[in-house]
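Asker: As a plain string of letters, each chain reads:
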Amino acid sequence: MSSSSEVDTGMVLALADDALVASHRLSEWIARAPSIEEDVALANIALDLLGQARLLYALIGDEDELAYRRPAGAFRNAVMLERPNGDFGATIARLLLLAAHQHALYSSLAAADGDLGAIAAKAVKEVSYHRDHARAWTVRLGDGTEESHRRMQDGLDAEWAVWGELAPTQEAVDWATAVITQATLRVPGPVLAVERQEHTADLDELLSTMREVTAVHPGATW
Amino acid sequence: MSTPVADELRRRIEQVADPELPVVTIADLGILREITEHDGVLQVTITPTYAGCPAMDAIRADIAAAVSPHEVVVHTVLAPAWSTDDITETGRQRLAEHGVAPPAPVRGGPVDLTLGTRPVTPRCPHCGSGETREASPFSSTACKALYVCASCWEPFDYFKPL
Chain C
1 MSSSSEVDTG MVLALADDAL VASHRLSEWI ARAPSIEEDV ALANIALDLL
51 GQARLLYALI GDEDELAYRR PAGAFRNAVM LERPNGDFGA TIARLLLLAA
101 HQHALYSSLA AADGDLGAIA AKAVKEVSYH RDHARAWTVR LGDGTEESHR
151 RMQDGLDAEW AVWGELAPTQ EAVDWATAVI TQATLRVPGP VLAVERQEHT
201 ADLDELLSTM REVTAVHPGA TW
Chain L
1 MSTPVADELR RRIEQVADPE LPVVTIADLG ILREITEHDG VLQVTITPTY
51 AGCPAMDAIR ADIAAAVSPH EVVVHTVLAP AWSTDDITET GRQRLAEHGV
101 APPAPVRGGP VDLTLGTRPV TPRCPHCGSG ETREASPFSS TACKALYVCA
151 SCWEPFDYFK PL
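If you read the protein sequences in the order shown, they are chains C and L.
Heads up: the first sequence begins at 1 in UniProt numbering, then just goes up one per residue.
Heads up: the second sequence begins at 1 in UniProt numbering, then just goes up one per residue.
Pulled out of the complex, with its shape left as it was, chain L reads as follows (with noise of 0.2 angstroms):
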């Protein structure tokens, strides 16, 4: 149903940070899977990026927070299992400019030509410079990895793929 007001509540829906990333709304993390409408009752649909993945609970809120006072119903899906490869073009360079180095495709895209080189990290979000290397391959929320620069030497989380 497309009316002003369902329009706009769709809106504040897709705008909604995400609680532990919030210069990425869930819509850009492919968190946000469906809006629909039963009965005069938004039905929105979610999924988790890890099983355990504390934010779900604020998630849900910021959304009925979001419609307030219209009514919201969100629904939680496993299936199909959340991939970085859900994360949109926006939220990748959302990510890059907000220091968090945007993750590798996990699926498709063409193979790569050059053998024989090192394994691919993740460029600096900071410098730019492409000579990073893993700390650690967890950090500070269960989606990211430890990185340091070898040019500038700050550390920086990568979204690590999934």
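Pulled out of the complex, with its shape left as it was, chain C reads as follows (with noise of 0.2 angstroms):
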């Protein structure tokens, strides 16, 4: 990796941090999911999220000391991601919106030279097909059954609210309410652009669990 002074050490912090939090609450899923195939998928797409964490970390420094050691205050990852998971619509509705975001922001980074613009490049084409599942799933849910459409319109309603702290493109927007709109779903107004939140105790939970193992055996390797 080269020197990381050409880059925008902040917002390529937040980009990490914004997949690592997403794929520790999709990894939650695992054994969880509403079959085994969707615990597969998940755990699938939260590696994919954790290995673009790790990329992007390396850029701006060790990836260990920023993911293991830093204290949660210094984590610029979106509140929405922190959240804890609940019903599965919600967690579709949060993998929709988080996937068009980074599709439309990876898209226009690979353009870029340089190793922001290879990780970029890397992470566009598979977020692409994280963005496939939470489509599939979003239309499956909401054009299904009575339930299952007010499940996910709850869920989209509820994430689509704080939506705003990750600052999607118009392209995003755009895409997420044309697959609302092929769901039968009511999309639920606009997306106001709001600064990133205060962390809430939520995060403290998710790190000292991600960080369990190597708070008991600090500097292990395996």
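Please keep in mind that the hints were generated in silico from the structure rather than gathered at the bench.
Even glycine gets a Cβ: it sits at the ideal position worked out from N, Cα and C.
Among the hints, a few may not be true.
[To be verified] Pair by pair, the computed Cβ-Cβ distance ranges are:
(1) L:PRO105 x C:SER208: 44 to 50 angstroms
(2) C:ILE30 x L:GLY130: 29 to 35 angstroms
(3) L:ALA104 x C:GLY219: 41 to 47 angstroms
(4) L:VAL106 x C:ARG186: 34 to 40 angstroms
(5) L:PRO19 x C:ALA201: 48 to 54 angstroms
(6) L:GLU14 x C:PRO188: 51 to 57 angstroms
(7) C:ASP64 x L:VAL77: 21 to 27 angstroms
(8) L:ALA104 x C:ARG69: 42 to 48 angstroms
(9) L:PRO105 x C:GLY219: 43 to 49 angstroms
(10) L:PRO19 x C:GLU195: 40 to 46 angstroms
(11) L:SER140 x C:GLU65: 30 to 36 angstroms
Build the complex from these two chains, which are given one at a time in their own frames, with help from the hints.
Answerer: Structural data, given as structure tokens:
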């Protein structure tokens, strides 16, 4: 990796933290998803996000230092991504909005020279599959039974209300709107751009779980 | 540099098997980008299939073991991003022979001249039937999707285009 002098460290850190935190929440679905295929799918998506986070961390510093030893207050992830899992519909809505945002962002970054451009070019191909997966579930559940429709709409309403924190581009909003319409769901309203919010105790809980092994065995390798 | 020793080492590196798909070599998968020599030390360049590919450390160790006791430095590059189009014809055949349907091309090649038909699905690597369906776009490793054959009912992995 080349020097980090030419990259916007804060922006890369936010991208990496978003990916790491989202990855952890998705990994919590393993053995809890509606089917074993979905366990595997969400685990695969989590692994892709973890890989992207590692490459981004390595671009600006030491990945273990940044992931395992940084105080929660220094994390730059959007708060919507640290919130605990609830209904499967909410997870799919969150993935839909995250993947729409990442796809648009990585597509534009992929044109840049250097290491960040190379990471983005790789990430956008992986995120395309995440986006397809979230779209397929959104349509299946939205255009499904009365119950699946209601739960998908509830999840979408909750995630959409905080999506502005990721500052999605118009392209991402348009893509998500088209999927929501196809899924016979209601588009909740305009996306309001907001500053990244203060972290909550949810991030402390997430990090302490993620850091359990390194806390007990500092510096362990395997 | 082409000496009998250098050629032998090069051959050994090219023969390193992928840790997750041991029926194909890293050369056939397109993970192996370049082998050069600098000041008498072998320099090998590899690239990951997926960003989160957990096999990269194992591949580095396997390359070192393949040329031991000779020294080797393994570099990792990301650009240009790996594509399933980088898999060689031999690699595709080996995958199919071992029950993994090879990926459809991502770029290049002629356009499909049949309009209005169902999307093309991979052939079943067990019975050869074209009647297959996707069970999940994600499977046992990051690079594969899970399919089921509608003729012989066997599930199989499909190396998904990337």
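Asker: Hints numbered earlier in the text: which of these fail when held up against the supplied structure?
Answerer: 5
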